Structures are given as C-alpha cells and as structure tokens.
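S.K.: Generate the whole structure from the sequences, applying the supplied hints.
Each residue of the sequence shown is one higher than the one before, starting from 578 at the first, in the working numbering.
These aren't lab readings, by the way, just hints derived from the structure by calculation.
Fair warning: this is a prediction, and the values are worked out from it, not measured in the lab.
We treat Cβ as the ideally placed atom computed from N, Cα and C, and that holds for glycine.
Here are the computed distance ranges between Cβ atoms for each label pair: (1) E720 x D674: 29 to 35 Å; (2) R713 x P670: 15 to 21 Å; (3) A779 x D658: 48 to 54 Å; (4) S780 x D682: 51 to 57 Å; (5) H601 x R778: 35 to 41 Å; (6) S698 x S780: 18 to 24 Å; (7) G629 x G654: 30 to 36 Å; (8) R713 x R656: 23 to 29 Å.
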Amino acid sequence: MPELVFFSGTMDCGKSTLALQIEHNRSARGLQGMIFTRDDRAGEGKLSSRLGLVTNAVEVADGQDLYAHLVEHLSQGRRADYVIADEAQFLTPEQIDQLARVVDDLGVDVFAFGITTDFRSKLFPGSQRLVELADRVEVLQVEALCWCGARATHNARTIGGHMVVEGAQVVVGDVNQPEDIGYEVLCRRHHRRRMTAATARASALSPDVLPIETASP
Numbered sequence: 578m579p580e581l582v583f584f585s586g587t588m589d590c591g592k593s594t595l596a597l598q599i600e601h602n603r604s605a606r607g608l609q610g611m612i613f614t615r616d617d618r619a620g621e622g623k624l625s626s627r628l629g630l631v632t633n634a635v636e637v638a639d640g641q642d643l644y645a646h647l648v649e650h651l652s653q654g655r656r657a658d659y660v661i662a663d664e665a666q667f668l669t670p671e672q673i674d675q676l677a678r679v680v681d682d683l684g685v686d687v688f689a690f691g692i693t694t695d696f697r698s699k700l701f702p703g704s705q706r707l708v709e710l711a712d713r714v715e716v717l718q719v720e721a722l723c724w725c726g727a728r729a730t731h732n733a734r735t736i737g738g739h740m741v742v743e744g745a746q747v748v749v750g751d752v753n754q755p756e757d758i759g760y761e762v763l764c765r766r767h768h769r770r771r772m773t774a775a776t777a778r779a780s781a782l783s784p785d786v787l788p789i790e791t792a793s794p
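M.R.: Here's what the structure looks like:
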C-alpha cells in the first residue's frame with residue numbers, strides 16, 4: 578500500500594542525505610520520482626545535503642497545488658513512481674493535505690523530510706499537519722549532538738553565536754555560521770538556558786555548574 582511517511586529530526590541529523598539516498602536507490606531500479614523542496618541551502622530548485630550531494634528539484638511556491646502539479650505531470654505522459662518532499666516544514670498545511678491526496682487518490686508513495694519545531698520550540702504548521710496525517714512518522718536515528726555532547730533535540734537560531742528567541746519563524750540559514758544569522762542544535766537543557774557553544778566558551782563555566790550563594794562568615 579502506498580504511504581505518506583514523515584522523516585523528522587533536528588537540523589544536522591541527515592534528513593536531506595536520506596532523501597537523496599532514497600532518490601538514488603529508486604532511480605537505480607529504473608523508477609522515476611518527483612522531488613519537491615522549499616528554501617534549500619543550495620538555492621532555488623535544489624535538494625542538497627551538508628555532505629556535498631545535490632540534485633535538481635521543483636521549488637514549491639506559495640499557494641502552489643502539489644496534487645494538481647503531479648496530475649498535470651502525469652497527464653503529459655510522464656512518470657512519477659514516488660514523491661520526495663524535502664524541507665517539508667516550510668510547506669503549508671493545505672500542501673500537506675495535497676500530498677496525502679497524492680497517496681490516496683494516485684497511489685504514489687510520498688516521503689516527506691523536515692524538522693518538527695522551530696527555533697522557539699514551536700511546531701511548524703507543515704510539520705504539525707504531517708504528524709496529524711502521516712501513515713508513519715520516523716525519527717531519524719543519526720543523532721545530532723549538542724556542544725556538550727548530549728543528544729541535540731532543539732534547533733536554536735543564533736546571531737553572532739548568541740541564541741535569539743524572537744523573529745520570523747522562517748529565516749533561511751545553516752548550522753555553524755557564528756558571524757551571521759545561523760542555527761545551532763542544542764539539548765533541551767542548554768536550549769532552555771540559551772547557552773550556545775560560543776556563550777559557553779565565553780562564560781568559562783561548566784554547563785553543570787550553577788551559580789550559588791554562599792553564606793557570609
């Protein structure tokens with residue numbers, strides 16, 4: 578049976594690498610897919626991973642009907658044996674509904690890849706809808722690590738290495754960009770404390786040490 582599968586995880590955990598691997602495995606068996614993406618780090622109409630792999634994709638526009646796009650593609654005599662949707666957190670809930678319709682009405686597998694929450698630990702609307710509709714939600718097993726070595730569970734937006742908690746939900750950036758608007762993956766504890774690798778180095782304090790008051794003699 579065809580499925581809508583949501584592969585989720587933090588930034589830097591290999592989602593796009595897995596999407597490219599799925600594309601490679603299926604194309605090597607003679608299958609042809611449709612790849613959608615939105616705001617990829619490599620630029621418009623690209624699906625890329627931090628390992629340097631990249632392929633062409635359909636850049637999703639605001640208000641675009643993904644189901645209608647695929648129907649038109651098929652009506653022209655072309656094939657789409659599966660669909661890959663990367664950066665799916667940036668899709669609208671309506672577009673996620675359209676991907677579910679691709680599975681149900683056209684009998685085509687859809688593999689969606691995205692992060693679940695934004696830099697404020699709030700669900701992206703697209704990711705929320707995927708959790709609600711997906712036949713399966715797969716949390717990627719390649720664990721991204723916080724600077725302290727613990728499993729990273731949260732995405733932090735940084736400016737000059739300092740974590741910020743205000744601003745637009747979608748600002749395209751990448752990890753390890755300390756001088757510009759960038760992102761860093763953190764464990765929950767250090768996300769709560771707003772302690773990035775840069776601020777931890779600056780403080781020269783162990784992450785396990787909290788300030789305490791001592792009684793006066």
